[in-house]
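In the UniProt record's numbering, the protein residues as written are 1 to 500.
Hints were generated in silico from the structure; no laboratory data involved. Hints are not guaranteed to be accurate.
Claimed, not checked - Derived pair list, reagent style BS3-like, types lysine-lysine, alpha-carbon separation capped at 30 Å: (1) 193 - 257; (2) 430 - 358; (3) 374 - 361; (4) 348 - 358; (5) 477 - 248; (6) 392 - 328; (7) 328 - 477; (8) 328 - 357; (9) 112 - 129; (10) 488 - 240; (11) 173 - 205; (12) 361 - 393; (13) 248 - 205; (14) 244 - 488; (15) 205 - 328; (16) 112 - 193.
Since this is a predicted model, take the numbers as computed values, not measurements.
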Amino acid sequence: MEQDEDKTTAETNSTGTDPKKRRITEAVNVPSSSATTNNSLPAWVAGGSPAHFVSPDELLNMSIAMDNLALVHEIAIDPNFSVSEVPANPIEAAVKENMYRAYWDILSEELKRDPPNYTHAFNLLMEIKQTILTDILSSTHVRLRAEVESVLDENTLRNKMEQNCMDVHEIGKFIVDLLGRLCAPERDTLVEKLRHEEEVVELIKGIFNLMDIMKNDLTNYTISQNRNAVEAYSAQFEYKEFLKYLDKFPDGSMMTKEWLKLAYIDAFPSTSIAKPKGETEEEVSASDEEVVITTSKGYLRLVESESPSPYPETLRIDRMRMCALAEKFLQMNIVTSAVFVTCNFAGKQISESEGFKKSLKDQLIVITNDIEEKNLTTTVESVCEQCVVVVKKTASELSAEIPEEQIKMLRNQVHAIADEHNAIRVLVCKRIEAFVNEMLCSPSEVPRRLLPGLSLIQSELCAFTARLLRICIHNRKTFFELYRNMLKTIKRSLEDSTPS
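Kindly generate the complete structure, drawing on both the sequences and the hints.
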């Protein structure tokens, strides 16, 4: 099995593909018999369902729905979400810049003619007017709307254009002053620069740029002011889309059911194997508390490993985020375990010296920032060497001596935490799990007491838990009733399979 993993890693590196994406997205090859002469799958694999035809419109609508779903979901779970002003893709930015440059060159040539050709400028002013009225001014800006309609009146400007007396620069100054009254204070520098711009083409170009920025500002402001509504809409939208998915694929929640079943057995080990006496099939229910406790255990299972199985369909959209959180979970576990082991072997004088634990922890966090399960042994070796370096340096500063035999034992003990069954690592893992599970079960504003040793990673643990809570609370809110119904079925099946 290790050889297979190494082979997959080698293939991933050779293709330049991110291993996490490969691990999540690559398909499983279905082996075919050498006796098979055609390319079709056997009936026992493909099933006996009739052929189903998918139209291009269906695919397009599905793609749009998924894009919308991903965007709304991103806004809902990311409290710092904002619309970017600059294209994230450098190629897209370069293409956009080249297209715009050609566009402005044409405008410049037309205005330099004798007499000037104002056709292009007129069209741009009409576009600016439409953008201001549609995207920037609200219905309450009655006076400003009237002002825009007056100065940028289409018939008036058309007559001036035909008479070759349209003052584009003066109209541009009016637009800049108007936008200056509406934009955010942080845009004042840009507005002031445009007020002193004498080149007509640069002025119009700057106006379009300022309007784009203002539209982004307005969008981000609207999102921040309506975040609760966006979160509620996202939950409804995701649930609705998932039900549509289940209509087309009735078995599309099998992994979710299995994930929930394992979490329930983990959360309620006694009740999951004991059949309640006198309870009929109709009386089987799942309380709100059971749903919360079970899903909390389930969410924890997803961050305890980078490749958890089964992985619920209801969290597919967050898989990359959960994978990243799983890495952080592993990082906190390894770093804390390493510090515990180091302090134990370094002795009281060194481990209690000022800033020793925090300094060591901070250095190990840097070393383990790219930690993954597949390279854990290599990472732990680096962690081990750093622990030895820090211990020796601190001992030298304190004029203390550490026997070489003790250093050797330290190396061995730190190396041992690469094993997931290592006693120190298991202890740290349970403490982290206990804190995170408590927060998942009751995510209130009441401060939670950190278990012994976890104060060392307080900032990392709080950041990790905050990110996990955003995802899990939203997911539980979205699929709460679905999880409840699944739990009823799970409890009933467990009772039926248990001898009375």
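The hints, checked one at a time:
no., hint, in the structure
1, 193 - 257, "violated (60 Å)"
2, 430 - 358, "holds (22 Å)"
3, 374 - 361, "holds (22 Å)"
4, 348 - 358, "holds (15 Å)"
5, 477 - 248, "holds (23 Å)"
6, 392 - 328, "holds (28 Å)"
7, 328 - 477, "holds (24 Å)"
8, 328 - 357, "holds (19 Å)"
9, 112 - 129, "holds (24 Å)"
10, 488 - 240, "holds (21 Å)"
11, 173 - 205, "holds (13 Å)"
12, 361 - 393, "holds (15 Å)"
13, 248 - 205, "violated (49 Å)"
14, 244 - 488, "holds (22 Å)"
15, 205 - 328, "violated (45 Å)"
16, 112 - 193, "holds (23 Å)"
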